Amino acid sequence: MAEEMRVVLRNYGKIDPLNIDDYINAGGYKALEKARSMSQADVIAEVRKSNLRGRGGAGFNAGMKWNFAYGVQADQKYVICNADEGEPGTYKDRIIMENDPHAVFEGMAICGYAIGANKGYIYCRGEYPYVVDLLNQAIAQAKAKGVLGEFDIEVRMGAGAYVCGEETALIESIEGHRGEPRYKPPFPPVSGLWGKPTIVNNVETFANVAQIIEKGGDWYAGLGAASYPGTKVLTLTGDVVNRTVIEVPTNTTIREVIFGFGGGIRDGKKFKAVQIGGTSGGFIPESLLDTPIDFDSMTAIGAVLGSGAVFVMDETRDIVDVVERIAGFFEHESCGKCAPCREGTMRMYELMKKVKSGKGTVKDIELMKKLGGVMSVACLCGLGQAAPSPVLTTITHFRADYDAKLQ
Amino acid sequence: MADYKDIIARYTAVPGGIIEAFHAIQKEMSYLPEEAIIAAAEAFKVPVAQAYGVATFYSYLSVKSRGKNVIRICESAPCHVAGAAEVVAALEKALGIKMGETTPDGKFTLEFTECVGQCQATPVITINGKPYGDVTPDKVAGILAAY
Ligand SMILES: Cc1cc2nc3c(=O)[nH]c(=O)nc-3n(C[C@H](O)[C@H](O)[C@H](O)COP(=O)(O)O)c2cc1C
Ligand code: SF4
Ligand code: FES
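Residue numbers (our numbering), protein chains in the order written: chain A, 1 to 407; chain B, 1001 to 1147.
Since the hints were made in silico from the structure, they are not lab data.
From a predicted model like this one, the values you see are computed outputs, not experimental measurements.
Warning: the hint list may mix true and false statements.
As the list claims (entries may be wrong) - Which bits of chain A does chain B cover? Going by a derived footprint, with three or more residues having C-beta under 8 Å, they are:
| no. | segment |
| --- | --- |
| 1 | 120 to 132 |
| 2 | 158 to 166 |
| 3 | 238 to 247 |
| 4 | 329 to 341 |
Glycine residues also receive a C-beta, built at the ideal position from the N, C-alpha and C atoms.
All chains, full assembly: derive it from the sequences and hints.
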């Protein structure tokens, strides 16, 4: 069986997160020192060479993004760490921050140096008040030691809105507004927080950076799958034996994740479906389990890697029941700014409730397919665009569950 | 109990600090009273409607009076399949109220929430932000006894 590979979680269980000396003794903050001895352009080139792609869901090349912000002249720039982690079934950013906060700070400070920003924010979800406390203590230690130099980090707390994980909604929230996504362009690297060039990266993305600077972009580019190299931290939930967090190279297959690391299905039952990437991810049937988890392979099967949540369902689970709950989630979390999502998530939830209650017809299924198709192109942000995916992929792969309930 | 005016004053110098101020007020008072929202609007120099807009946008902030202890039950899919509905039933029975309600003595409020990021131990509830995992109906009484 494949082995775990710990890059992001290299210090997991080995250091005391609230003792900065532990981090430093494990080689911490050396990469920041090294980066500061390089030119800004060389730091960005190294990150680009590593082909590190965002771990927050969109999979954009981190070095390329940094290069945009580097190229803009401005009196002030910002680095934001996206720790909003609202995808149901996901808790990997919490694990990273709770166990190795300085790895995140170091990545942010390297980014700050590279693009020319002296101020960083960590936007941490409101459901993690204990993580906010830990981060603030760790920041105080870093300040006392002077390891961050001129780079300042401030923690802001979210307040229970899933959409605030979307980077422009997050920026609005830090500014003290309702967390509604902005129209793009301009993109944040050009005009973000208070109109200034801003890099938003995920916690896990930042936690990779110090290792890349220390060991080189070529080293990182050689790990896992070629087009999405490195590792991915996954959280296993649902009907799997080991409900746990793992970090694996990105060329690991879904089958290895569930049946190897996950230990298979609970209570000797059979596998039915897995939803990867959080609640907006597609549902995957048995026949596609040999797909590697990397970004592009997942996209190719109509699914996503997303946040790396792995939600496993056994043979007894009613897909319609689960998807109805998910449709309720989107109806609740839609921010209401654009009509296709505001109305679409509401209608989709209504239709799913109708099907679940046994009153649905074949016509309703066709309607959901049509509605989903429109939403995926017409919605303003990724929330509305991805919301129909669980419905559409289950109609494709688990149609029997729907048919059993139709009139 | 700190006065909400003092709390607000601590955040007015923070750019965009109105949400931080709301968090701090709610920590003291468990919800955001109307006067506090109006005072915040004044202090942050935004229209009252805008301050309301912020306060009502976020599910963590409440403009409705709530009990001293706010119990939230995760209803996201992983908790849903793990039996969140049975936990809801047990809590409603133990407290004699329905979801969304507050006990007559003002001690407890029951609310739904989406995933709170403790999905290694579904189903999950939180009380005043503190998570409890692997909750079963027979664990409910023991958990409540600590409040
Ligand atoms: C509805 C929605 C929710 C999102 N939630 C998160 C989140 O919780 N954490 C995150 O890092 N990115 C989230 N994203 C993606 C961000 O918009 C952004 O792409 C990401 O933070 C960029 O960082 P990365 O390139 O390092 O992945 C979300 C996007 C959408 C549309
Ligand atoms: S797609 Fe949904 S969440 Fe996104 S802006 Fe439109 S209404 Fe808001
Ligand atoms: S799904 Fe309930 S805590 Fe994550």
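Quick rundown of the hints versus the structure:
Interface restraint, the segment 120 to 132 of chain A with chain B: holds (6 residues with C-beta to C-beta distance below 8 Å; minimum three). As drawn, the segment 158 to 166 of chain A meets chain B at 5 residues by the rule of a beta-carbon pair under 8 Å; at three or more, the given contact holds. Coverage of the segment 238 to 247 of chain A by chain B holds. Counting CB-CB distances below 8 Å, 5 residues qualify, and the rule asks for three or more. Remark: the segment 329 to 341 of chain A is confirmed as covered by chain B, as 4 of its residues place a Cβ nearer than 8 Å to a Cβ of that chain, reaching the required three.
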